[in-house]
Amino acid sequence: GENVEQHPSTLSVQEGDSAVIKCTYSDSASNYFPWYKQELGKGPQLIIDIRSNVGEKKDQRIAVTLNKTAKHFSLHITETQPEDSAVYFCAARRLGKLVFGAGTILRVKS
Amino acid sequence: EPEVTQTPSHQVTQMGQEVILRCVPISNHLYFYWYRQILGQKVEFLVSFYNNEISEKSEIFDDQFSVERPDGSNFTLKIRSTKLEDSAMYFCATLRRLASTGELFFGEGSRLTVL
Numbered sequence: 001g002e003n004v005e006q007h008p009s010t011l012s013v014q015e016g017d018s019a020v021i022k023c024t025y026s027d028s029a030s031n032y033f034p035w036y037k038q039e040l041g042k043g044p045q046l047i048i049d050i051r052s053n054v055g056e057k058k059d060q061r062i063a064v065t066l067n068k069t070a071k072h073f074s075l076h077i078t079e080t081q082p083e084d085s086a087v088y089f090c091a092a093r094r095l096g097k098l099v100f101g102a103g104t105i106l107r108v109k110s
Numbered sequence: 001e002p003e004v005t006q007t008p009s010h011q012v013t014q015m016g017q018e019v020i021l022r023c024v025p026i027s028n029h030l031y032f033y034w035y036r037q038i039l040g041q042k043v044e045f046l047v048s049f050y051n052n053e054i055s056e057k058s059e060i061f062d063d064q065f066s067v068e069r070p071d072g073s074n075f076t077l078k079i080r081s082t083k084l085e086d087s088a089m090y091f092c093a094t095l096r097r098l099a100s101t102g103e104l105f106f107g108e109g110s111r112l113t114v115l
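Sequence lines, in order, name chains A and B.
Going by my numbering, the first sequence opens with residue 1, and the numbers climb by one from there.
Going by my numbering, the second sequence opens with residue 1, and the numbers climb by one from there.
By construction, these hints were calculated from the structure, which means they are not laboratory data.
Treat the numbers as computed from the prediction; the structure is a model and nothing was measured.
Heads up, the beta-carbon is just placed ideally off N, CA and C, and yes, glycines get one too.
Watch out, some of these pointers could steer you wrong.
[Claimed, not checked] According to the in silico footprint, chain B covers these stretches of chain A (three or more CB under 8 Å from chain B): (1) 8 to 16; (2) 93 to 100.
[As the list claims (entries may be wrong)] Residues of chain B placed beyond 12 Å of chain A at every Cβ, according to the derived structure: (3) 3; (4) 19; (5) 27; (6) 37; (7) 42; (8) 43; (9) 44; (10) 55; (11) 89; (12) 93; (13) 95; (14) 111.
[Said to hold, decoys possible] Beyond 12 Å from chain A on every Cβ pair, some chain B residues (computed): (15) 4; (16) 57; (17) 108.
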């Protein structure tokens, strides 16, 4: 089955700096890769996603890149703000089931 | 904006007791999921449900677990005899259609504490 690895487990950045979180997946048939943000006591919220026929997608300060050959995808957050502090999960999916990475705790220091 | 609603938000129970967690999916969604998150760990797939039957389940989803959609609206997860290790956040998620690229919507979760 699918296995998703996520790095780093924790990331501290200064406000205004960029943050990058990386994930790899094992199932080459996976073709949908969402990123979720989870704040304390809440459910995961989708922040951006990418399909396998696209290499890069951007939404304001957030971007995701996908390298299908290498089976890895990354989340880029530019100009980080304190409210970006949360746990971020990558995931991979083929058809129904999402498989999540272990999560990255992002702390943005002001 | 449509949302997935879960109840209760928090339940405390004694080991060995039965627990039912409830989810109201988004109205035009057809695929339903339960995920579990033990404190500080990753979100883990438990089970998927479509057309009134389980379509896939994980190793975690043993005989103590069951799901049903008894009245066409609520989607429930039952744990027959809870164990300490069942303590976790349980998330319901729903999907409109099984296209490979549809968004999975998550509820806010039900926190289960087993004493």
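Structure-based check of all given hints:
1. 8 to 16: violated (count 0)
2. 93 to 100: As far as the region 93 to 100 of chain A goes, the hint holds, because 8 residues have Cβ atoms under 8 Å from chain B.
3. 3: 10 Å, violated
4. 19: Given a closest Cβ separation of 19 Å, the condition holds.
5. 27: The claim stands: residue 27 of chain B keeps its Cβ more than 12 Å from every Cβ of chain A (closest is about 18 Å).
6. 37: Residue 37 of chain B is in fact no farther than 12 Å from some Cβ atom of chain A, at 9 Å.
7. 42: Residue 42 of chain B is in fact no farther than 12 Å from some Cβ atom of chain A, at 5 Å.
8. 43: 4 Å, violated
9. 44: The assertion about residue 44 of chain B is violated, with a minimum of 7 Å to chain A.
10. 55: Answer for residue 55 of chain B: violated, closest chain A Cβ roughly 7 Å.
11. 89: Given that some Cβ of chain A is not farther than 12 Å from that of residue 89 of chain B, nearest at about 8 Å, it is violated.
12. 93: Check fails; 8 Å does not lie beyond 12 Å.
13. 95: Violated, because the least Cβ-Cβ distance between residue 95 of chain B and chain A comes to about 7 Å, which does not exceed 12 Å.
14. 111: 8 Å, violated
15. 4: 8 Å, violated
16. 57: Answer for residue 57 of chain B: violated, closest chain A Cβ roughly 10 Å.
17. 108: Contrary to the label, residue 108 of chain B does not stay out of reach of chain A, its closest Cβ about 5 Å off (not over 12 Å).
In summary, the numbered hints that this structure violates are 1, 3, 6, 7, 8, 9, 10, 11, 12, 13, 14, 15, 16 and 17.
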